[in-house]
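Starting from the structure of chain A, add chain B with the ligands where the hints point.
In the order they appear, the protein sequences are chains A and B.
Using the working numbering, read the first sequence as starting at 1 and increasing by one per residue.
Using the working numbering, read the second sequence as starting at 1 and increasing by one per residue.
Keep in mind that the hints were calculated from the coordinates and are not lab data.
Hints may contain errors.
[To be verified] Each computed DSS-like pair below joins lysine-lysine, with the alpha-carbon atoms no more than 30 Å apart:
1. A:96 <-> B:93
2. A:96 <-> A:42
3. B:14 <-> B:129
4. A:96 <-> B:122
5. B:122 <-> B:93
6. B:68 <-> B:14
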Amino acid sequence: MPLTCQSQKRILTARLSGEIDHHAARQLMQDLDLAIESRTPKALVLDLGGVTFMDSSGIAVLLRSWRRMQETGGTMEVVSVPPQPGKVLRAANLHKIIPISFLEPVG
Amino acid sequence: MKPINQVKMEFDSKSANEAFARSAAACFAAQMDPTLEELGDIKTAVSEAVTNVIVHAYPHSIGRVQVKLRLFPDNTLEVSVKDWGTGIADLEKAREPLYTTGGAERSGMGFTIMESFMDSMKVRTAVGKGTTVTMRKKVSLRAGGR
Ligand SMILES: Nc1ncnc2c1ncn2[C@@H]1O[C@H](COP(=O)(O)OP(=O)(O)OP(=O)(O)O)[C@@H](O)[C@H]1O
Ligand SMILES: [Mg+2]
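Chain A on its own, in the form it takes in the complex:
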C-alpha cells in the first residue's frame, strides 16, 4: 500500500495506491499520521486514483485522517475515487461527512 506525499503552500496531497484492506490499513494510518504531524497542512487532499481495492477498513483510515485535520482546524477532501472504493464509501454515507469526488457520476 504505497503512499506518496507532496505539499505546496501547506496543501498536502497524499496519493494512495494498491489495495486498502485490514492488512494494509495499520501501516497506512501510521504513514498518514506521520505526514500530517510533520507537515501540519491546512488542507489535506487524499487522492484515491490508484486504489485498486478497498473495504470497510479504508473507511476507518479516512475517518482517522479527517479527525486529525479537524483537531488542527484544517480541512480534508478525497478525490479521484474509482468505482469499487466509491461504492464502499457511498454505502457508509461517508460523502455526507467528508467532501468526496468520485471518478464516475453518482447513481
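Chain B with the ligands in isolation, oriented as in the chain A frame:
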C-alpha cells in the same frame, strides 16, 4: 438445487490471507462471467467476512477460517465463511450499521456492506462456538455469454 461447481478452502486467520481469500473467490466467480461491478461486490463481501473472523472471532490468537464457494445452475454464487471463534453475543445489534466492538480502527460497516453488495446474507452464531456467514448473489446472464 445441487451446485454445479464448488471449492472449499481453509487457512490461518492471518491478515495476509485477506487478499488471498477475496482473490480466490473472484477467480472462482469468473466462470460465471460477472460484470466488473459484480466481481467487485463479491470481492468486497468476502473481504468483509474474512476480516471479521481475523479481527473479531480470534482477537488474541490464530485460528482456522473456512471459506466455501458454490455455484448453482441459475448462476447464483453462494459464499460461506466459517470460524470456530468467539461467536457474537448480540447478533441483532452487530448487524446494525455503525455498531462495532472494534474501537476506532473499525467503522461498524462490514455487515451492512455484505448485505447491500450481495442478494442475501444469513448469520449463524453461538458464543464460544463460532460463526458462519452465508451470502448469495445471482450474477446476471449476459447476452452472448456462456
Ligand atoms: N466472525 C465474527 N466473530 C465474532 N464477532 C463478530 C464476527 N463478525 C462480526 N462480529 C461482531 O459484529 C460487529 C459488527 O461487525 P461489522 O463487520 O459490521 O463491523 P466491524 O467489523 O466492527 O467494522 P468494519 O467491518 O466496518 O471494519 C463487530 O464489531 C463484532 O463485534
Ligand atoms: Mg467488519
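Hints the structure fails to honour = Structure breaks no hint.
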